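What follows is each chain in one-letter form.
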Amino acid sequence: MARRLDIGRLVLPAAAVVTGVVLLVVFYYPVATVFVESVVVDGRLTVGPVSEILTSDFYLVDIIGFTAYQAFLSTVASVALGLPGAWVLARFEFPGRRTLRSVTILPFVLPSIMVAIGFVAMFGRRGTLNGVLGAVGLGPVELLFTLEAVVVAHAFYNAPLVTRVVTAAWESVDARTVETARSLGASPTRAFRDVVVPQLLPAVAVGATLTFVFTFASFPIVLALGGFQLATVEVWIFKLVSDLEYAEAAALATVETGISLGLTYAYLRYESQTSGQGEGANPLARQSLVPETASVKTLASRLSVLVYGLVVVVVFVGPIASMLLASVSNAEGFTLTHYRFLLERQATGAAFQVKPLPAIRNSLLFGVATVAVALPMGVVVSVLSARAGWKGRLVDTLAMGPLAVSGIVVGLGLLRGLVFGVDVFGREVVVTGTVAIVAAHAVAAYPFVTRNVSPLLARLNPRLVESARSLGASRARALWDVELPLVWAGVVAGAAFAFAISVGEFDSTVILASGSGSYTMPVAVERYLGRRLGPATAMGSILLVVTAASFVVIDRFGGRWEL
Amino acid sequence: MRRREFIRTAGAGGAAALVAGCLGGGTDASGGSTAESTGTAADGTTTGTAVGSTIPSELVVATYSAFVDAPSSSPGPWLKEQYESEFDATLTWETPENELNYFIERQLGGAGIDADVYVGLDTNMLIRIDERLSEPLFAPVADGALSRRDDVKSSLEFDPQGRAVPYDTGYISLVWNENETTAPETFDGLLEPEHAGELLVQNPTSSATGKAFLLHTIAAKGEDGYLDYWQRLRENDVRVLGSWEDSYNAYSNGEAPMVVSYSTDQVFANQSGEPMSEHQIRFLNDQGYANPEGMARFAASEKEGLVDEFMDFVLTPEVQAEIAVRNVQFPATTTAELPEEFAQYAHEPPEAVTFTYDELKGSLSEWTDAWARAFASK
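Residue numbers (our numbering), protein chains in the order written: chain A, 1 to 563; chain B, 564 to 941.
These aren't lab readings, by the way, just hints derived from the structure by calculation. Predicted model, so just to flag it, every value in this text is computed and none were measured. Beta carbons are placed, not taken as given, at the ideal position from N, Cα and C, and that holds for glycine. A hint or two may mislead.
To be verified - Away from chain B, derived, C-beta distances all over 12 angstroms, residues of chain A:
1. Leu24
2. Val39
3. Val136
4. Phe192
5. Leu244
6. Val315
7. Leu403
8. Val552
Said to hold, decoys possible - Label-pair distances were calculated between CB atoms; the ranges are:
9. A:Tyr29 to B:Gly725: 35 to 45 angstroms
10. A:Thr55 to B:Thr898: 52 to 62 angstroms
11. A:Gly65 to B:Gly675: 40 to 50 angstroms
12. A:Thr55 to B:Gly785: 51 to 61 angstroms
13. B:Leu696 to A:Phe425: 39 to 49 angstroms
14. A:Glu332 to B:Leu901: 28 to 38 angstroms
15. A:Gly65 to B:Thr919: 37 to 47 angstroms
16. A:Glu428 to B:Leu696: 51 to 61 angstroms
17. B:Pro756 to A:Val136: 26 to 36 angstroms
18. A:Val40 to B:Lys716: 41 to 51 angstroms
19. A:Phe334 to B:Asn742: 17 to 27 angstroms
20. A:Ala68 to B:Gly675: 37 to 47 angstroms
21. A:Gly65 to B:Met839: 38 to 48 angstroms
22. B:Pro756 to A:Glu332: 32 to 42 angstroms
Using the sequences plus the hints, can you model the full thing?
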């Protein structure tokens with residue numbers, strides 16, 4: 001008995017130490033090797049590069065200012081597009097709801113080049129949208145290569161994230177709190193405003209903050225759908241790194257990271273102030289999408305669902321369907337040539353070429369391993385930073401670092417810090433290959449687990465844990481038996497995100513892959529791009545199908561344990 | 564490379580060795596049998612060669628990934644097969660994601676370089692190397708080491724220090740769709756209102772074709788006039804996208820009727836049966852910007868003899884012809900035996916323009932940076 005308790009007491013600290021070590025090895029150390037260049041020039045400590053950026057009109061206005069402006073617009077668009085989705089998914093019952101909920105995250109895994117291709121096919125001059133508009137006699141719209149196109153594409157990526165996070169929060173709203181308000185005489189609207197909205201706000205803030213941080217660091221979408229005149233911070237960092245201007249690149253990345261981390265810290269302050277009272281075990285009952293009675297109110301709500309459905313078709317289904325269509329057609333019409341290419345490459349491709357099946361296998365393998373590593377990491381960080389003061393927020397902010405640091409900088413750091421080898425006590429240590437890739441994916445993914453779990457965990461009544469502890473349970477036992485079942489919706493959402501991040505990840509995969517055997521589906525998509533889009537869209541379609549199926553499995557499997 | 568990697572990582576520690584072991588397990592042992600296999604190659608000799616009385620030599624060739632892995636017809640697999648059938652050596656391709664920057668970074672970071680030769684250098688890359696590195700990354704080819712060195716057209720020589728040996732060249736031109744527009748004859752023509760929003764260009768800071776087009780405008784408008792010219796291009800709604808793929812795909816989708824690409828575009832169009840009307844070539848001011856590609860031996864490589872043999876092999880008439888067709892570029896030698904169709908569809912400009920290494924050294928990054936700042940100003 002005593003022995004078991006001791007082990008139980010060691011579980012959380014041990015997990016925390018492992019999390020810290022993984023973070024240090026595949027994130028903080030590599031990134032530090034790059035940031036050092038912004039403060040050390042020719043072996044001397046200096047503020048030169050950073051202050052040069054902070055005193056330059058070009059950097060402040062044309063690059064940083066513009067980046068913040070487009071990120072703000074993108075965030076507004078993503079929240080506006082994502083919230084109704086959460087409403088529909090959380091409040092209505094209809095066939096396929098769970099599947100739809102599972103695949104809301106799909107845009108998140110699409111390589112940006114596929115999104116660009118889908119957007120061109122959907123919104124381009126000869127795109128589907130203009131085809132439909134032309135058929136009903138409306139003039140063609142020219143959306144591509146403008147700021148608007150970039151904002152819509154960002155919403156395509158991030159609105160599902162908002163939907164996902166808010167749906168998880170909405171589903172864990174305790175129905176009894178609403179019933180209490182109603183029994184005290186509150187109207188449904190009033191009960192919604194005073195009881196439900198406060199419980200959703202942290203989730204909305206999570207979605208908005210993450211969207212801002214992501215779109216602030218936007219890079220391939222801006223170049224592919226906007227063009228270089230819309231250059232963002234990240235585009236500029238990429239330019240500097242390509243030119244090997246490391247000091248300037250690192251300085252700009254330092255400023256960028258400062259902004260992102262500052263924002264994260266501000267958000268966390270907010271999150272810690274809004275701890276509600278729900279306990280999440282009694283979700284609200286959903287309404288049927290087909291109303292039983294035809295009142296004005298139910299008709300109005302169903303009409304808005306319909307309108308929202310149309311928007312979803314244009315913005316989400318359109319680009320994806322256009323991409324799928326591109327994979328089975330060429331100039332002459334319907335064709336399976338592109339899939340035949342994949343079969344041929346699989347059958348006769350040389351060992352040094354990228355083949356479809358190993359790419360699928362690696363993606364799934366890395367995805368599952370990432371979920372296995374990122375879930376404990378994310379939950380541990382959530383628990384450790386749950387109810388502490390500013391110190392806890394600081395730890396939490398630092399733990400969110402992987403979200404806030406430029407992908408280009410992380411990639412460069414991994415390359416120089418791990419791939420080129422590190423001198424450890426006189427021995428050259430090179431970190432590459434499968435384990436390193438999974439660790440890097442887990443580091444990129446666990447913040448999503450944390451951000452899905454933390455707000456729900458913070459809303460739990462602390463007395464639940466206290467009474468479990470007073471009955472002799474270890475902290476880990478209380479977490480496992482009491483808290484996790486109550487926040488399971490968030491854990492499953494986090495797992496889906498972790499899987500998505502792993503499947504969609506490109507940069508650290510190609511950097512850490514040793515030899516030629518560790519490529520994934522997005523790598524294959526990129527390799528198959530050429531003068532014709534076909535092979536790449538075929539590979540992209542396979543990526544889409546494989547990951548959609550995976551999300552359904554994650555949600556269903558996760559759901560089985562729902563209490 | 565995998566074998567070396569294995570030995571190195573195996574020595575590095577438990578986890579890394581486990582990793583390399585995983586990788587070794589699932590890979591394919593095929594030596595690359597493409598559809599057009601000549602049948603002379605001994606498939607299967609490329610791996611598992613460690614067990615034997617003599618260990619055949621291994622030549623590690625680094626290049627950009629499209630050279631070995633493009634979906635259409637990259638020269639890599641064919642080249643490997645031919646090389647291994649002629650020499651008692653294994654050719655191992657290495658395609659780091661950052662391409663040449665990967666090796667520059669390794670050198671800067673004091674990490675060793677395990678590749679012997681790089682395929683895919685141009686003048687701009689040489690300048691980047693020479694500006695950033697104090698120790699040489701590449702070594703010059705010794706006098707008389709290559710029997711076919713003199714077959715290379717002298718107009719394509721781009722390295723005054725004799726490191727890079729040209730193996731093919733492209734001419735950067737406009738590709739345009741005659742169903743939708745008529746491309747202008749001159750750079751000034753691009754500023755006409757009728758061409759507003761009609762041109763797609765690549766980002767000169769990250770793409771070779773984009774950089775070549777920028778340099779061509781500097782050649783045409785002068786060091787003092789090119790920024791002003793670009794300002795007017797921008798006002799005429801030119802679009803600068805990320806990579807050649809980004810812009811060519813947008814062009815193929817009908818987003819714009821003109822794109823900066825290669826003057827060999829019709830070779831590809833002919834191969835794949837695309838309508839020629841969508842692959843018209845225009846040499847602005849009757850000029851094409853020449854961008855020769857070269858190969859060079861890494862200074863760290865100890866296989867000078869093997870590398871020299873490889874370079875000589877790449878310069879043989881048959882290999883030159885095959886690279887030209889598969890890489891859709893012009894051969895670098897005067898001796899290549901090109902198929903008739905190639906000559907019909909590959910267009911050479913009346914006048915080839917290019918900046919020499921000496922003209923670019925010291926100016927290239929200044930010109931590009933000035934352009935980037937001006938173009939990215941909101």
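Practice task
Indicate whether the distance between the beta carbons of Leu696 of chain B and Phe425 of chain A respects the range 39 to 49 angstroms.
Solution key: violated, 29 angstroms
Exercise for the section: Find the nearest Cβ of chain B to the Cβ of Leu244 of chain A and say whether that gap is larger than 12 angstroms. Expected result: Its Cβ does come within 12 angstroms of chain B, the nearest being 5 angstroms, so this is violated.
Practice task
Using the beta carbons of Gly65 of chain A and Gly675 of chain B, state whether their distance is inside 40 to 50 angstroms or not.
Solution key: holds, 43 angstroms
Practice task
For the range 35 to 45 angstroms, tell me whether the beta carbons of Tyr29 of chain A and Gly725 of chain B fit it or not.
Solution key: At 41 angstroms between Cβs, range holds.
Problem - Whether the CB-CB distance between Glu428 of chain A and Leu696 of chain B falls inside 51 to 61 angstroms - result: violated, 22 angstroms
Exercise for the section: With respect to the beta-carbon atoms only, verify the hint that Pro756 of chain B and Glu332 of chain A lie 32 to 42 angstroms apart. Expected result: For Pro756 of chain B and Glu332 of chain A the Cβ distance comes to about 36 angstroms; the hint holds.
Problem - Minimum Cβ distance from Phe192 of chain A to chain B greater than 12 angstroms, as the annotation requires - result: holds, 42 angstroms
Problem - Interface exclusion of Leu24 of chain A relative to chain B, criterion Cβ beyond 12 angstroms - result: holds, 15 angstroms
Exercise for the section: Indicate whether the distance between the beta carbons of Pro756 of chain B and Val136 of chain A respects the range 26 to 36 angstroms. Expected result: holds, 31 angstroms
Problem - Non-interface claim for Val39 of chain A versus chain B (Cβ beyond 12 angstroms) - result: holds, 18 angstroms
Handout entry: Beta-carbon spacing of Thr55 of chain A to Gly785 of chain B - inside the hinted bounds 51 to 61 angstroms or not
Key = violated, 32 angstroms
Problem - Outside-interface status for Val552 of chain A - nearest CB in chain B farther than 12 angstroms - result: The claim holds: Val552 of chain A sits with its nearest Cβ about 27 angstroms from chain B, beyond 12 angstroms.
In this structure, the earlier hints numbered 5, 12, 13 and 16 are contradicted, and the remaining ones agree with it.
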